[in-house]
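Asks: Protein sequence lines correspond, in order, to chains A and B. For the first sequence, our numbering assigns the number 197 to the last residue and increments by one with no breaks. For the second sequence, our numbering assigns the number 549 to the last residue and increments by one with no breaks.
Hints listed in this document are in silico derivations from the structure and should not be mistaken for laboratory results. All residues carry an ideal CB built from backbone N, CA and C; glycine is no exception. Accuracy of the hints is not assured; some may be wrong.
If you want the ones that stay clear, here's a sample from chain A, every Cβ over 12 Å from chain B, calculated [what the hints assert, rightly or not]:
#1 Q71
#2 L102
#3 G105
#4 L119
#5 R157
#6 L160
#7 L194
#8 G196
Cβ-Cβ distance ranges computed for the label pairs, FRET-style [claimed, not checked]:
#9 A:E113 - B:V295: 37 to 45 Å
#10 B:Q542 - A:E162: 38 to 46 Å
#11 B:G423 - A:V172: 32 to 40 Å
#12 A:R183 - B:A179: 44 to 52 Å
#13 A:R183 - B:T503: 20 to 28 Å
#14 A:R72 - B:V295: 41 to 49 Å
#15 B:G470 - A:V103: 45 to 53 Å
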Amino acid sequence: MRADLVCGGILIVIAGTFWVQRDTSDRLYAAFPDLLLVVLAVLGVVIIVQGLVRGERGAGEREVNRRMLAIVSVLLVAWALGMGLVGFTISGVVAFVIMALLVREGRPRLREVATDTAAGVVIVVACFLIFTRVLLVPLPVSTLIGM
Amino acid sequence: MLVDIGNALIQVATPTMLLLCIAGVIGGMAVGATPGLSATVGLALLLPITFAMEPTTGLVLMGAFYMGAIYGGSFTAILVNTPGTPSSIATTFDGYPMTQQGRSEAAIVASTVGSVVGGVIGVIGLIVLAPLLAQVVLAFGPQEYFWMGVFGLTMIAGIAPSLIKGIAAGFLGLLISTIGISPVGGEVRFTFGITDMQGGVPLIVALIGLFTIPTIVDLVIAPESRSMEVEADGDRRKRGGEVRRTVRDILSRPVNLLRSSAIGTFVGILPGAGGSIANLIAYNEAKRTSKRRANFGKGEIDGVVAPEAANNAVVGGGMVPLLTLGIPGAPPDAVIYGVLLLHGLRPGPELFDEQGVLTFTFILAVGLSALLMAPIGLVAGRGLQRAVVRTPTYYLAPTIALLTAVGSYAVRNSPLDVVIMVLLGLAGYGLRKVGLPPAAIVLGVVLGPIIETGFAQGLLAATGDAHPWMSFFTRPLSLGIIVLVVLGLAWPLVTARKEKRQAEKELVS
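Here chain A stands alone, though its shape is the one from the complex (with noise of 0.2 Å):
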């Protein structure tokens, strides 16, 4: 129940976000997402109300590691925005050294910190070479060591 009310909840809260940034300038262009709009707000209510007439029932989702979704996630948002900030490079080998002792689980030890350096810099200045070398894909780049 508690799923189908957060999911309809979600809905109405998209629907109605969108709703607020609409144009109405030409009825013809906007039908189309007005219509979708307008959909995904009553699918919203049919949800939440099939959750209240349903209760809870089934066995439920298995219990995820929240301290480690909300890291995890943190890591991602901050590679995102730190790979224009700081460049491909600095970004890609701090935070691929960051995941992969994240993914080894318990107190990281020195030498696995140093492997996983050594990994993440090899991995990411090699990715980034043939990006920019052979695929001609522009990486941004920082201004302090150049790639």
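Following the hints, complete the assembly by docking chain B onto the known chain A.
Replies: Positioned in the frame of chain A, the structure of chain B alone reads:
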């Protein structure tokens, strides 16, 4: 025509052409397997190289590269749940579950068989049916494109555990596709005041985010689940004979291969549709008609064969309007169109008359490239599969994340796209937890522009009518597709009810 085909055969059989085909297929596979680098991007990168080449060699290289790129997209779809190109979206539905069960080698073999057969049938369709099929395409109007898009959406009924939540996820995807400048009229919508959002959310960015980020999060927060997959793969490898067993299994159901290839060829002919639609429709049809439909989405081999056969058949199909009418069916065809024009060749019926040998050499070389994918793909694809399986999770997760970041950045060289990709992916992870499947959202993003363009253009074209809406229901071709839409929606419900009754009967007896 037969004389031209004979001369073309002699040309294709030369070592130079063979080498060009091999080089094109390998290069295409490498680009196709890289998330974010589509066949179009690869062909555009290759374009300057063909300037200095003879028209025939340049075209052969482009054709082989295109074929390889579409096939290469399946590798990452199967191994890391990231479609290398939008043409491999449906491949993830069963390809990745097969990997999770330690059956990634069988999935790679299935993708290879499907791609080879689909590629060859698409080329046969191009040679035999080109003039006839080109006429059918001309009968398709915006209303028909609208209904084709809706037909693609009916697939949601099959992939979502809850129909209502599946539809909601599909509509969410359609809504994401409306962000930015509208395809008809050029109005700016839903940018939330951010100028950079005027370009909308690129399909590749949404695709990478919604499929890959949840996979990365799963790998980081529950790495132990992958060790089972590696163990199962090792057990299967010890038994051996995977390739022969898989090929025999697939060929025992040739209808799936032939139907999916036919769907790919036909959808490829429709300008604007392409592999991203064909693979979804073929998957849906394979599931709808299969006796093993209950296994779809859980690692069914036919669920890998169908989309891969269809997307490679699109290559040949897409060349029908290109070579006969001068209309590029999909963006990669537009690049090939550019090569033709650069060498002073004007596509159209006269191309077959005036440059028959060149045209058929190109077509036959595309067919040869499809055949070459079997040996090349089985070596390279299985090599990549072994490398991925052997890579420890603590290096695999950050490497996938690195490739997704580069892939989404490369679409428009915009750091904002990387942020959008990550946010969409995290949202997709959360939405999956409340029952909204990311695959259905992606389906909406893929089909949104086709549906909206068909919708707006259809209404515009019928403005003289008393009821413009009725034009969507009165055209004979539209009615034919509407029947398919109704069947697509009703079929899973009917079969589910039938299976339930059967199960009840068995329980009673």
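Asks: For each hint, tell me whether it holds in the structure or not.
Replies: Results for each hint:
Remark: the non-interface label on A:Q71 conflicts with the geometry, its nearest Cβ contact in chain B lying 5 Å away (cut-off 12 Å). Non-interface status of A:L102 relative to chain B is upheld: no Cβ of that chain comes within 12 Å, the nearest being about 14 Å off. Non-interface status of A:G105 relative to chain B is upheld: no Cβ of that chain comes within 12 Å, the nearest being about 16 Å off. The non-interface label for A:L119 is inconsistent with chain B: the shortest C-beta to C-beta separation is roughly 6 Å, within 12 Å.
Every Cβ of chain B is farther than 12 Å from the Cβ of A:R157; the closest lies at roughly 15 Å, confirming the non-interface assignment. Non-interface call for A:L160 relative to chain B: holds, since the shortest CB-CB distance, roughly 16 Å, exceeds 12 Å. The claim that A:L194 lies off the interface holds: its Cβ sits roughly 17 Å from the closest Cβ of chain B, which is beyond the 12 Å cut-off. No beta-carbon of chain B comes within 12 Å of the beta-carbon of A:G196; the shortest separation is about 18 Å.
Between A:E113 and B:V295 the C-beta distance comes to about 44 Å, which sits within the given range of 37 to 45 Å. Evaluation of the 38 to 46 Å hint for B:Q542 and A:E162 yields a failure: the beta carbon distance comes to about 54 Å. Between B:G423 and A:V172 the C-beta distance comes to about 20 Å, which lies outside the given range of 32 to 40 Å. Between A:R183 and B:A179 the beta carbons are some 48 Å apart, a value that agrees with the proposed interval 44 to 52 Å.
The hinted range of 20 to 28 Å is not satisfied by A:R183 and B:T503, whose Cβ atoms lie roughly 53 Å apart. For A:R72 and B:V295, the hinted distance range of 41 to 49 Å is satisfied, since their beta carbons lie about 47 Å from each other. At roughly 24 Å, the beta-carbon separation of B:G470 and A:V103 lies outside the given 45 to 53 Å, and the hint is violated.
Hint compliance for this structure: hints 1, 4, 10, 11, 13, 15 are broken, all remaining hints hold.
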